[in-house]
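Undergrad: For reference, the chains in residue letters:
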Amino acid sequence: MEAATAVTWLPVCKTTDIPADGGACALVEGEQVAIFNFARRGEWYATQNLCPHKQQMALARGMIGSAGETLEPKVACPFHKRTFSLLTGECLNADECAIQTYPVKVEGDDVYIGWA
Amino acid sequence: MAPQHLPTVVVIGNGMVGYKFCEKLLAKSAAFNLVVFGEEPRVAYDRVHLSEYFGGKTADDLLMAPTQWYHDHGITLHLGDAVQEIDRASQTVHSRGGLVQPYDYLVLATGSSAFVPDIPGVEKAGVMVYRTIEDLEEIKAAAATSRVGAVLGGGLLGLEAAKALLDLGVEQTHVIEFAPRLMPRQIDAAGSAMLQSKLEALGLQIHLSKATASIGGNGRIDALHFGDGSILEVDMLVISAGIRPRDELAKLAGLEVGLRGGITVNDQMQTSDPRIFAIGECALHGGMIYGLVAPGYDMAEVVASQLLQGARAFTGFDMSSKLKLIGVDVASFGDPFIAEPHSRSIVYEDAHNGVYKRINLSPDGKYLLGGVLIGDADAYSMLLQTVNNKIILPPHPEDLILGARGGEGSDSGSNVLDLPDGALICSCEAVTKGMICDAVTDQGITTVDAMKKCNKAGTGCGGCVPMLKDLINGTLTAQGSYIKNVLCEHFDYSRQELFDLLKINDVRTYSAALDQFGAGDGCETCKPAVGSILAGLWNDLIVKQNVIQDTNDRYLANIQKGGSYSVMPRMAGGEVSPQQLMTIGRIAEKYSLYTKITGGQRIDMFGAHVSDLPDIWEELINAGFESGHAYGKSLRTVKSCVGSTWCRYGLHDSVSFAIEIENRYKGIRSPHKMKSGVSGCVRECAEAQAKDFGVIATEKGWNLYVCGNGGAKPQHAQLLAGDIDKETLLKYLDRFMMFYIKTADPLMRTATWLNKMDGGMAYLRNVVVNDSLGICADLEAEIELLIKNYHCEWKEVVENPELRKQFTHFVNAPKVKDPTMKFETMRGQKKVAEW
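Top line first, the protein sequences correspond to chains A and B. Its first residue numbered 1, the first sequence is counted upward by one per residue in the working numbering. Its first residue numbered 1, the second sequence is counted upward by one per residue in the working numbering.
Keep in mind that the hints were calculated from the coordinates and are not lab data. Among these hints, one or two may not hold up.
[Stated by the list, open to error] Simulated restraints on C-beta separations:
#1 G68(A) with G585(B): 44 to 54 Å
#2 D378(B) with E43(A): 48 to 58 Å
#3 D745(B) with L71(A): 18 to 28 Å
#4 G722(B) with E43(A): 38 to 48 Å
#5 R508(B) with L71(A): 21 to 31 Å
#6 D725(B) with L71(A): 53 to 63 Å
For each residue, glycine too, the CB sits at the ideal point set by N, CA and C.
Only chain A is shown next, with the shape it has when bound in the complex (with noise of 0.2 Å):
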């Protein structure tokens, strides 16, 4: 990971915290940041909790899953069902601005976010 060397690995929450291919929003420097646990791909990832579309706190309790031929992992805000790319935070299914997506990793049973 290029940007590893740029940014501070911030210890968040346990492996246990984040539900098995779900999502759970955690308080990392005062921001509120939605992380998931792609476990069926043993993937994690990590975006802002915020939706653009009505500047809601809910990307964490959306569901995830993958568009594509590509298996793009994604989630969808339980709101209005926007969905966003978790590798790029592109919006997939609307005119949305991108959100903010953060590196994850896990050591042992602890979930680190790059902050920069």
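For this one, chain A is given, so just place chain B on it according to the hints.
TA: Chain B in isolation, oriented as in the chain A frame:
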């Protein structure tokens, strides 16, 4: 004028069949000198649609072709001049007007006249027949001054005549039939009974097994006297007791005629004189007179072919027919009467909607032999094709009259596109399926009207028009793309298919379903859909797989603007005690919640923080409340009026029944939410008919209505069963609900479900009430399992620390509430700040 050396064909009679013969012969060859004699003053007109003459059509509208057509095609036409003698020795015909016309071939298309039975008094004024445009004009004139009219004869034409009287505004119209039922030649006893009740509902008075002894009146009819001594006073009588072939000319010429009338012909339609042919209703073939237009046209085709040395022969004709009698569909096809042991019958009878259907199968169940349709004859064309083409029946032949149930292979054998190319679709004009489909693909025909122009299909009796439509659309669809109704990109199955797959394979988790039957990693569409299927199958605790649920089901509360949740305990039937009201008041005050009475007669508390939900529910549960499942795609409330316990109009205790129903089905997940209501009388204060299922008390019991909707597209619920007791009602409800749970698409309300169901309410009623699919025992067992597995989900969460832990906003700061949540005050309560 045609050159002398061409053979001369003389046609006697310018009716529908006589005209059709000319048309068919000309289409094959112009090498004939064609001469036509017609007795009536006008050229051939459409007798089949004669009753439309009363509906505003003019005589000209009914013409088969204008006079100009005969001229354009070089036909010598003598109208209003009947032939009175055939001189076979000199091969000439002699007309009343003195014409002597030689012939090489003679075609008798003299048709028939109305049969008038020999009843004393038939000669009286006000007694008429129903046959020609002149007859109709006479009837019209008589109807203008008549209050009571009668039709003698309850056959096809008799009922047509009765319709004419109704249309003409005759106040009371009676139908007198000698046989014990209507249309005895076409339909069976049960079908006749259904037809009779429909016609009676439309204002006809029907008298069966009535022999008319005499017609009373001094010069003018005033009454009918029956054999049983009864008398019916009438102002006019239309006799429609059958037809009599016009064979007098043939008889005079020494041609062979049948004992009871009709000119005897062979398979080539030749009379006993090989130069003379007879076609249509005057011809007696194989001992039978064919009183329909389609066989007449076929006979015309045979003769046209014979004159050109063709080999076409007439070998009898299918007497299947479909018509609309006074707005009621009536059809019979194949052998409508065949019975055990030569056949097995499937009968569908719906007295409520006046629908009767019978199909007769071969004893091995493989072939369709015939049947009767009353009230709904949409399936007629397809059924007739199934008989005529000896198509092997699908495993559930009842689908043929009930409509397909969806799912695999259920419509095999009932799809018009499955017919062989040679299948005759329009028998009047002998147009096959292949010709119709080719017209679509090769000539770009896309409408029935264009098809009529292209190959004349559908221009005769019109019975095949629905099938033409299906063939055109089906062929067009086959050229384009086919859209399959699948869940989403991850599951290549419909909800119903997946429901069956997960059940058969005992799949209990979303991951297992995705591994075995899906692809990719799922999404926000298939996750809750599969969640709903799993809940409908096993009714496991929903929070065990909370990440596949929509947020409401994940947090067991309804998310509101701003990210707060609302809390709604169950108040079955809208009943709530003062103590419960105080508990709610106390809790709402403590957690600072906005309270409102909902449309479903309960109290909703808004503005709860996600981390407060378990505490709020703990207090509610301790006070005896349980989850109201307002967050679930499940039964919400059963609204009730106050009913007979307090209301002076109430017939039964609607509140108790509403509570019983709500508690029976609470928590069961369905494809979409369900709402219900129970009203204690017909005033319907609970608005039960706007619900997914509603119950209304009657004097004799309860009426059950289903598939109604308020919402964006309001739709009234329809009666599923009437005047039933509670036990029966719950049994039907069990079946109805489980059938919906199993077969609807994701997020499809019951109203849409019904609207998309082939066969609609009649089909649903047949499944639920008559167990037409034989699945009711399964449905009852399946829903019993769901009822047995009910949990108050909130009780489980409150008592389970692991589950409780999930109700936080920040996993790393469980005590901190979402600081972005903002509230304002309005009318003394809080509200969400606008987004």
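Undergrad: All hints, please: hold or fail.
TA: Results for each hint:
Between G68(A) and G585(B) the Cβ separation comes to about 52 Å, which falls inside the hinted range of 44 to 54 Å. For D378(B) and E43(A), the Cβ-Cβ distance of about 55 Å falls inside the hinted range of 48 to 58 Å, so the restraint holds. Take D745(B) and L71(A): their Cβ atoms lie about 26 Å apart, and the range 18 to 28 Å holds. A C-beta distance of roughly 58 Å is found between G722(B) and E43(A), which places it outside the suggested range of 38 to 48 Å.
A hinted range of 21 to 31 Å holds for the C-beta pair R508(B) and L71(A), which are about 25 Å apart. Restraint check, D725(B) to L71(A): a C-beta distance of roughly 56 Å satisfies the suggested window 53 to 63 Å.
Of the numbered hints listed earlier, the single one contradicted by the structure is hint 4.
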